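Novice: Let the hints inform the model, and build the full structure from the sequences given.
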Amino acid sequence: MTLIWILAIPFFAGLLAWATARLNDSSPRWISLAASVASLALTLQAWWARAPGARWAAEYNAPWIPEFGISFRLGMDGLSFLLLALTFFLTAIGVFASWTEIQESVGFFHLNLMWISAAIAAVFVALDLFLFFFAWEAMLIPMYFLISIWGYERRVYAAIKFFIFTQFSGLLMLVAILALCFAHAHATGVITFDYLTLLSDPRSNTQSLWITLGFFIAFAVKLPMVPFHTWLPDAHTEAPTAGSIILAGLMLKTGGYGLMRFVVPLFPDASRTLAPLAIALGVAGVIYGAILAFGQTDLKRLIAYTSVSHLGFVLMGVFAFNELALKGAVITMLAHGLSTGALFFVVGALQHRIHSREFGRMGGIWNVTPRLSGAALFFVMASLGLPGLADFVGEFLTLAGTWQATPTAAAVASLGVVGATIYGLKVVQRVLYGPNVNNLAFADFSPREAFIAACFVAASLWIGLYPAPVLSALSTSAEPFSVITSITRSFR
Amino acid sequence: MTLDAAGLLAILPLLIIGAGTMAVMAAIAMKRNHKAAAALSFAAIIVALISAWMPSSVGTRAVTPLLTVDDYSRFFTTVLLVLSAGVILVSFAYLDTTAARREEYYLLLLTGTIGALVLPSASHYVALFLGIELLSIPLYALLAYLPHRERPLEAGLKYLVLAGASSAFLLFGIALLYAETGSMAFGAVAAGQLATPAMVLILVGLGFKLAIVPFHLWTADVYQGAPAPVGAFIATVSKGAVIAVTMRLLFESGALSWTAVRMLLMIMALGSMFAGNVLALMQTNVKRLLAYSSISHLGYVLMGIQIGGALAVRAVAFYVMAYTASVLLAFGVVSALSAGQKEPEELSELEGLFWTRPWMGVMLTLSMMSLAGVPLTVGFMGKYYLLAAGADSSAWLLSIGLVVTSAIGAYYYLRVVVAIYSSPPEPTQAYQRVTWPASFALMLATAVVLWLGVYPRLGLHRLDLAGSLRSAEQRSTATTR
Chain P
0 MTLIWILAIP FFAGLLAWAT ARLNDSSPRW ISLAASVASL ALTLQAWWAR
50 APGARWAAEY NAPWIPEFGI SFRLGMDGLS FLLLALTFFL TAIGVFASWT
100 EIQESVGFFH LNLMWISAAI AAVFVALDLF LFFFAWEAML IPMYFLISIW
150 GYERRVYAAI KFFIFTQFSG LLMLVAILAL CFAHAHATGV ITFDYLTLLS
200 DPRSNTQSLW ITLGFFIAFA VKLPMVPFHT WLPDAHTEAP TAGSIILAGL
250 MLKTGGYGLM RFVVPLFPDA SRTLAPLAIA LGVAGVIYGA ILAFGQTDLK
300 RLIAYTSVSH LGFVLMGVFA FNELALKGAV ITMLAHGLST GALFFVVGAL
350 QHRIHSREFG RMGGIWNVTP RLSGAALFFV MASLGLPGLA DFVGEFLTLA
400 GTWQATPTAA AVASLGVVGA TIYGLKVVQR VLYGPNVNNL AFADFSPREA
450 FIAACFVAAS LWIGLYPAPV LSALSTSAEP FSVITSITRS FR
Chain L
0 MTLDAAGLLA ILPLLIIGAG TMAVMAAIAM KRNHKAAAAL SFAAIIVALI
50 SAWMPSSVGT RAVTPLLTVD DYSRFFTTVL LVLSAGVILV SFAYLDTTAA
100 RREEYYLLLL TGTIGALVLP SASHYVALFL GIELLSIPLY ALLAYLPHRE
150 RPLEAGLKYL VLAGASSAFL LFGIALLYAE TGSMAFGAVA AGQLATPAMV
200 LILVGLGFKL AIVPFHLWTA DVYQGAPAPV GAFIATVSKG AVIAVTMRLL
250 FESGALSWTA VRMLLMIMAL GSMFAGNVLA LMQTNVKRLL AYSSISHLGY
300 VLMGIQIGGA LAVRAVAFYV MAYTASVLLA FGVVSALSAG QKEPEELSEL
350 EGLFWTRPWM GVMLTLSMMS LAGVPLTVGF MGKYYLLAAG ADSSAWLLSI
400 GLVVTSAIGA YYYLRVVVAI YSSPPEPTQA YQRVTWPASF ALMLATAVVL
450 WLGVYPRLGL HRLDLAGSLR SAEQRSTATT R
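Same order as they appear, the protein sequences are chains P and L. In terms of numbering that gives the first Met the number 0, the first sequence opens at residue 0 and continues consecutively. In terms of numbering that gives the first Met the number 0, the second sequence opens at residue 0 and continues consecutively.
Cβ pair distances, simulated, as ranges:
id, chain 1, residue 1, chain 2, residue 2, range
1, L, 449, P, 66, 18 to 24 Å
2, L, 449, P, 432, 53 to 59 Å
3, L, 35, P, 151, 54 to 60 Å
Rather than coming from a laboratory, the hints here were simulated on the basis of the structure. The model shown is predicted, which means the values in this text are computed figures rather than measured ones. We put the CB at the ideal spot given by N, CA and C, even for glycine.
Specialist: Laid out in structure tokens, this is it:
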């Protein structure tokens, strides 16, 4: 029942925020903030109150469309818990970050923000394939509105591109889901979309490679995997700050989560067939993303391309098929959510002040705004994998795990870390240091902004210095870890 | 087979609408009153709706050789009656501000509805032809109902020529089939050389009515020219009824298992999906856009028919409901906002709708989302049903066609949404104030779109839709032996 509350609170808070917008502009902000904090608190509470040894820290099951064996089934294990906590943390930050940026139709903005949050949370806890798909698609519409109404110059183009990419891949996944469920129905005579039932009967017929591809492409587009990444720089650049934080911090993670929760456990054999291709594309993403990031002159676009690079590690880690790499992939997802979310926040703050994202309009702001610049330096360092911060742990574990499976891939991918250093230093040099040629002068971080930055710093340091709680939470998660172990065993 | 009391009870909806038509005619003859004519027509439809679901109406009953009343026909009768009621509601305010003489409009609408009601229960080519003509002839007049405008007249004439041509194909096909079997019943088994060409000709005739590729050329002009409520009638009631009869015809005649027919249906389905969606991409007129989108949606329906089988019949039934509810919502919003001589049909005229008329904006958005097949709306459940039927019988080519064209289609539905949410122009558009009958109809359609999109437990599987078709086939084979 807790899970229902966790999803319902942001959903209804969104409606309430919309309804109260006509009273004044600040009530939607407070309502949304309160709702995200409440959901975060409930998530943590459900995790701490879990029964020891139980597979799900919280569960819910109710029939939905019995005609097709579709149920409203939710479950939260370690993997879901971490991503759920990240979801509500970043939503709260997103509300806080748009406190002064969004001044037009505040109510509708928060309605969309809250609904994205609810839909993403539903993706992370859905245990019914139909429900999962439903939530997967439901993320799209509010995000589309967020980009197309409150975005920057080319917002309509970016929003439509984003929508069509994800809609197409989503429908491919729907066909794959239906193919899987009807194959199961023809074999057993029972039609069901229940994840655990389907899991206990892994398909390994000739069709399964095609079905796997349907899932894989949908997740790869969201992740995004090269060559399906072209929607990402546009969407991230044009979205308002809160939109970018949610896109980079959460929506990309749904792709990685899908690979871990569905592709590998449901189709172990087909996944093994796909693994070389997936690892190769993951490595390609790491390198290609870094090169493209270096070439950008638009700060926000640069950060968008670093996402392509970082999530290449996730793809690689999932398909290395060992526990180390997989845990690394999960931590990379969390760390990327924090560091990239924070960078988008800083860029948003900067753009709010100088109305530009171009390097040419920046430079030498260290003396003007020490607090903003300090935060920017910190998050760039986090993003390029400085030891002691979260990204380092994730990337290190991923590379160490991948090394055991395919040393070549790990060796090439580690060049990506060097690439990250190069583009990271470029940002620092062009934006923070050097002479203040443009004679910039503007206000430093307000207390509100400093508080947001402090939250990000604390979270990043925590995972970077003491990742043990995160790793142990993951160990309780049955999928994909038990499946990974069995695949690894059959490898040898 | 004679007509007994039970038979009359079974076709009560048809009789009630017929009586209602005459009552409206008499009322007009006595005293012209727009409100009275509209109310009388609406009441007739509601009574017919109730009579369709009286406790006595269960099971399958052949009423004369022409009509069969069963779960299948009852389902479509219900849907068509609800749609007609919706069209009447949105027409009322529209006519109040546009037409000089308004009462005869309802006469024509009810006559068209009779034709539409004949079709789902038709099990005989005579009934098919009667139904189609009864549906089409009032439409010529309805299309040209605002004679002082330029486009409606053009639309009416185009539709007249087209309907005449398509009836000729239909009749020729029926004649060939009659020459082959000596029977006009759907279930008459045709196995000779003429059977395939006859069925192809019949499909051509029906294809014109449904506006599927390659018989789709008329549709954009007619949709654009039609007064918005009449456009709604064509897009919902007329399309729904013809789909119902096409599906029954193909199932009961067994033509669905002929290779040539299957091939033809496949080509027409894929062609409609692609052509409809691609042609709609560049439209800036919402009514034209809906016309092209209807081509693609009819392609999806054909896909369901082509797949065949119990799940597919259910899928088609659901899809018809989903599509008609969504498109009624779209046309309803356009007609509700029409002020005087001008319908807000260009995208530029809808700019900023959400900010000036939030509820209308939300409704039009929902309708577009539903047509695009986005979850939380009934359009998504419709596509889900079709894909499920496709997965069940491994129709991968058609399923992939649906996926690809849906992605293409998302683009132009989103263009409408973009316009709705862009900042309103200065000075703001002058829209009509929305009256309560229209807003009632719109709210009802919105409720259907949302409710069935989230919680599609309609009990469709309890209605024996496919069983109706199959048992009729078995019955007819039994009689010919």
